[in-house]
Amino acid sequence: MIWLTVRDLRWRARRAVLGVLATASVLAMTLLLGAVHDAFLAETTRTVEFFAGDAWVVPAGAAGPFTTNSPVPVHAGPADGTPVAIFRHVVDRAGAPTDVNVIAYRPGGVVDPRTVQGRAPVRAGEAAVDETLGARVGDSFTLGGHPMVVVGRLRGLTYNGGTPTVVVTLEQGQQIAFGGRDLAGAFVVRGTPAITDGLTAMTPTEVRDDMRRPLAVATRTLAILSALLWLVAAGIVAFVCYVSGLDRRRDVAVLKSIGVPTWRLVGGVALEGVLLAGLAAVVAVVAAVLLVPAFPLPVSVTVAQCVTALGVGIVIGLVAAAASLHQVVVTDPALAFANA
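Numbering follows this note's numbering, with no gaps: position 187 of the sequence shown is 185.
Errors might be hidden in some of the hints.
Derived DEER-like restraints, expressed as beta-carbon distance ranges [what the hints assert, rightly or not]:
#1 Ala50 - Phe237: 35 to 45 Å
#2 Leu295 - Glu204: 21 to 31 Å
#3 Gly189 - Ser68: 17 to 27 Å
#4 Ala50 - Gln115: 12 to 22 Å
#5 Arg86 - Leu229: 30 to 40 Å
#6 Val15 - Leu289: 37 to 47 Å
#7 Gly233 - Arg117: 51 to 61 Å
#8 Ala122 - Gly233: 56 to 66 Å
#9 Arg218 - Thr43: 16 to 26 Å
#10 Arg218 - Arg121: 42 to 52 Å
#11 Val313 - Thr65: 31 to 41 Å
#12 Glu47 - Gly233: 21 to 31 Å
#13 Thr66 - Pro105: 19 to 29 Å
#14 Ala225 - Leu289: 14 to 24 Å
If you are wondering where the hints come from, they were derived from the structure by calculation, not from laboratory data. Ideal Cβ placement from N, Cα and C applies to all residues, glycine included.
Model the full assembly from the supplied sequences, consistent with the hints where possible.
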């Protein structure tokens, strides 16, 4: 039956190729949507890990340091904490505005930016930027009306859907966001923080979850679209298998008339569905990997996602093959002698 199934696919190669390409296109889109979904979540994890703290001290009642702007005087925070200010702003490079996230920190504390080129900023007027901003070491730009010079480049420090991050000193951040007042939005601490009135502590996991909250609608939408695309892929394979089953009715009748058991015929139909869907999954993985560099958001197709695509592709093939199973079971062997 394996050889018969392969010969049938070769005989109807054009239809099979079109079905594989159509299914692969849908599966590739599904893989890329999943990669974007995972990228949204991964960048929040990387951003929180950038601060390298065991706890965050924030104003009481604040949802989190990334989503709530409730600055407090620096002297009110824990003595062993590194004050930070986190906000969004616009960078002006050669007259072209670009939205950025801004992280302002006090050098010499818990927060220690790891650059891939250059160094971390240590004084006002200096900045380290994520590579996705496109600025190089030595470039100049304007941030909130203040001239800045790029002294370092960072990798993977994006959030809010791939928005690049600019890291500056706390002094510089206070000039931009707080009019020069000695304020901070949060304090990053190693160990167990000492909490004073008006402040509360958050774990890195709580901070990460707070960052993800504004993205909840987008990530749920991506998950729903992925599920719908899986259904579309199953429908394409089912259609190809169904039409193939119609074409093979006479063949099935002949095989039944010479004593081939029904279960073997059913196995042949199932094998055809698995081969079509499995091949489509392989093509989809290759296409998705090739398309990843075209995305402005740092995304990656992981091995786990590829294995999942292959596994789901096989399941889709088995489910889709059910569209032809009924024809195999009910085909009358006498059909082999019709018009004889």
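Checked hints:
Look at Ala50 against Phe237: about 53 Å separates their beta carbons, and that is not inside 35 to 45 Å. Restraint check, Leu295 to Glu204: a C-beta distance of roughly 25 Å satisfies the suggested window 21 to 31 Å. Checked against the given bound of 17 to 27 Å, the beta carbons of Gly189 and Ser68, roughly 24 Å apart, stay inside it. With their beta carbons about 20 Å apart, Ala50 and Gln115 fall inside the hinted range of 12 to 22 Å.
Arg86 and Leu229 have their C-beta atoms about 38 Å apart, which keeps the hinted 30 to 40 Å range intact. Hint check: Val15 to Leu289, Cβ distance near 20 Å, so the stated range 37 to 47 Å is violated. For the hinted restraint 51 to 61 Å between Gly233 and Arg117, the CB-CB distance of approximately 55 Å keeps it satisfied. Ala122 and Gly233 have their C-beta atoms about 60 Å apart, which keeps the hinted 56 to 66 Å range intact.
A hinted range of 16 to 26 Å holds for the C-beta pair Arg218 and Thr43, which are about 19 Å apart. Between Arg218 and Arg121 the Cβ separation comes to about 43 Å, which falls inside the hinted range of 42 to 52 Å. Hint check: Val313 to Thr65, Cβ distance near 39 Å, so the stated range 31 to 41 Å holds. Take Glu47 and Gly233: their Cβ atoms lie about 41 Å apart, and the range 21 to 31 Å is violated.
For Thr66 paired with Pro105, a C-beta distance near 25 Å keeps the hint of 19 to 29 Å intact. Between Ala225 and Leu289 the beta carbons are some 21 Å apart, a value that agrees with the proposed interval 14 to 24 Å.
Against the hints set out earlier in the document, violations occur for numbers 1, 6 and 12.
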